[in-house]
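Here is what each chain is made of, one letter per residue.
Protein chains: 2
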Amino acid sequence: MRILGIDPGYAILGWGVLDMEGNRFKVVAYDSILTDKDTPMPARLQELYEGLSEIIEKYKPDTASIEELYFNNNAKTAIMVGEARGVAVLACANGGLEISEYTPLQIKQALVGYGRADKKQVQQMVKTILNLEKVPKPDDTADALAAAICHGHSSGGSGGKRELRIRKGI
Amino acid sequence: MRILGIDPGYAILGWGVLDMEGNRFKVVAYDSILTDKDTPMPARLQELYEGLSEIIEKYKPDTASIEELYFNNNAKTAIMVGEARGVAVLACANGGLEISEYTPLQIKQALVGYGRADKKQVQQMVKTILNLEKVPKPDDTADALAAAICHGHSSGGSGGKRELRIRKGI
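If you read the sequences in order, they're chains L and U. Remember, our numbering sits 1 above the position in the first sequence when you count from 1. Remember, our numbering sits 1 above the position in the second sequence when you count from 1.
Do not take every clue at face value.
Claimed, not checked - Where chain U lies over chain L, by a calculated footprint (3+ residues, C-beta under 8 Å):
1) 46 to 56
2) 78 to 86
3) 89 to 97
Unchecked claim - Using 16 Å as the maximum straight-line C-alpha spacing, the simulated EDC-like pairs for lysine to aspartate or glutamate come out as follows:
4) Lys-128/U - Glu-69/U
5) Lys-77/U - Glu-69/L
6) Lys-77/L - Asp-63/U
7) Lys-59/L - Asp-32/L
8) Lys-77/L - Asp-63/L
9) Lys-120/L - Glu-99/L
As the list claims (entries may be wrong) - Covered stretches of chain U, going by a simulated chain L footprint (3 or more residues, C-beta under 8 Å):
10) 40 to 48
11) 93 to 105
12) 128 to 134
13) 144 to 150
By construction, these hints were calculated from the structure, which means they are not laboratory data. Beta carbons are placed, not taken as given, at the ideal position from N, Cα and C, and that holds for glycine.
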């Protein structure tokens, strides 16, 4: 199973592609799509959509794992992040991928074992689980890989111990 | 100038196409795209994107006018509306349209003359300005036409009296 993990955002969209072979992960590729703050939002959304569509075309993942977003402060920002997330989901759906969504809590539980883990612990676990030399940068890329690992764990591999509620098709 | 007005939403996306001829509007078409609450969100986003792309293909508007969204309560809903808005903006950008954005305040000022007008007053003005027999339903369609009228007024037609700040390219 080839998993595309996505951490959606309009300035930085982190992504990572992993192969799950039995109980282990193999890193295929990871990076982030950056958009310029001086570019009008419609053009930024186009760049995100086209960039992600190219990644899907190139790596042909079977499934996408996307972090669910929560906000409790700035609704204006929530709308903009929602716009970026919408075109990311559209790119995955138009690419024929199954789409699963996980909350930050679920991702932390899957990687570190408890939901109150901090961001750095999660990132260290990404490095360890994927046997990388260092934590991927920017944080968004590490978070995208974390979402991919979370999906891999919860959809088979580790067998029951890390059962998570998966919300297929968001 | 042919204007596509859009009131974005994930359950109902209102749209309306108007021609501006000198100082007057001619109604071309208006309706709404509905998505089913039992359909997974990625498929709903696909339906919105494809539906709006077909409308753009069919009516070939020059420019799109989209209501800017404000929320002060539910961030979860804001994300979902943002997702729908993102794919709507993407459909317009991919269709080669210029995109302008107006706040609800700007739209009310453009139609009724003052920003505290209520929803019903705006809808009555849509009916009057466009010489319709009744107020278009659902509200989202009337709001989309209001956004289109707002853009028409502010980009020429009525000449200065209703000058609005236009934020081109969002």
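Verification of the hints:
Remark: the stretch 46 to 56 of chain L is confirmed as covered by chain U, as 3 of its residues place a Cβ nearer than 8 Å to a Cβ of that chain, reaching the required three. Under the rule that three or more residues need a Cβ within less than 8 Å of chain U, the assignment of the stretch 78 to 86 of chain L holds, with 8 such residues. With 5 residues carrying a beta carbon less than 8 Å from a beta carbon of chain U, the stretch 89 to 97 of chain L meets the three-residue requirement, and the given coverage holds. Distance check on the hinted pair: Lys-128/U and Glu-69/U sit about 22 Å apart at the alpha-carbon level, beyond 16 Å; violated.
Of the pairs offered as hints, the one joining Lys-77/U and Glu-69/L holds, with about 10 Å between alpha carbons and a cut-off of 16 Å not exceeded. Proximity of Lys-77/L to Asp-63/U is assessed by CA-CA distance (about 27 Å); at most 16 Å being required, the pair is judged violated. Our distance criterion of 16 Å between C-alpha atoms is met by Lys-59/L and Asp-32/L, whose separation comes to about 14 Å. About 33 Å separates the Cα atoms of Lys-77/L and Asp-63/L, which puts this hinted pair outside 16 Å; it is violated.
Restraint check for Lys-120/L and Glu-99/L: not satisfied, since their Cα atoms lie roughly 27 Å apart, outside the 16 Å limit. Counting residues of the stretch 40 to 48 of chain U whose CB lies closer than 8 Å to any CB of chain L gives 6, so the stated coverage by that chain holds, three being the minimum. Counting residues of the stretch 93 to 105 of chain U whose beta carbon lies closer than 8 Å to any beta carbon of chain L gives 4, which reaches the threshold of three, so the coverage claim holds. For the stretch 128 to 134 of chain U, the assignment as covered by chain L is violated, since 0 residues bring a beta-carbon within under 8 Å of that chain's beta-carbons and 3 are needed.
Three residues within the 8 Å Cβ limit are the bar, and the stretch 144 to 150 of chain U against chain L gives 0, so the coverage statement is violated.
Hints 4, 6, 8, 9, 12 and 13 from the earlier list are contradicted by this structure; the remaining hints agree with it.
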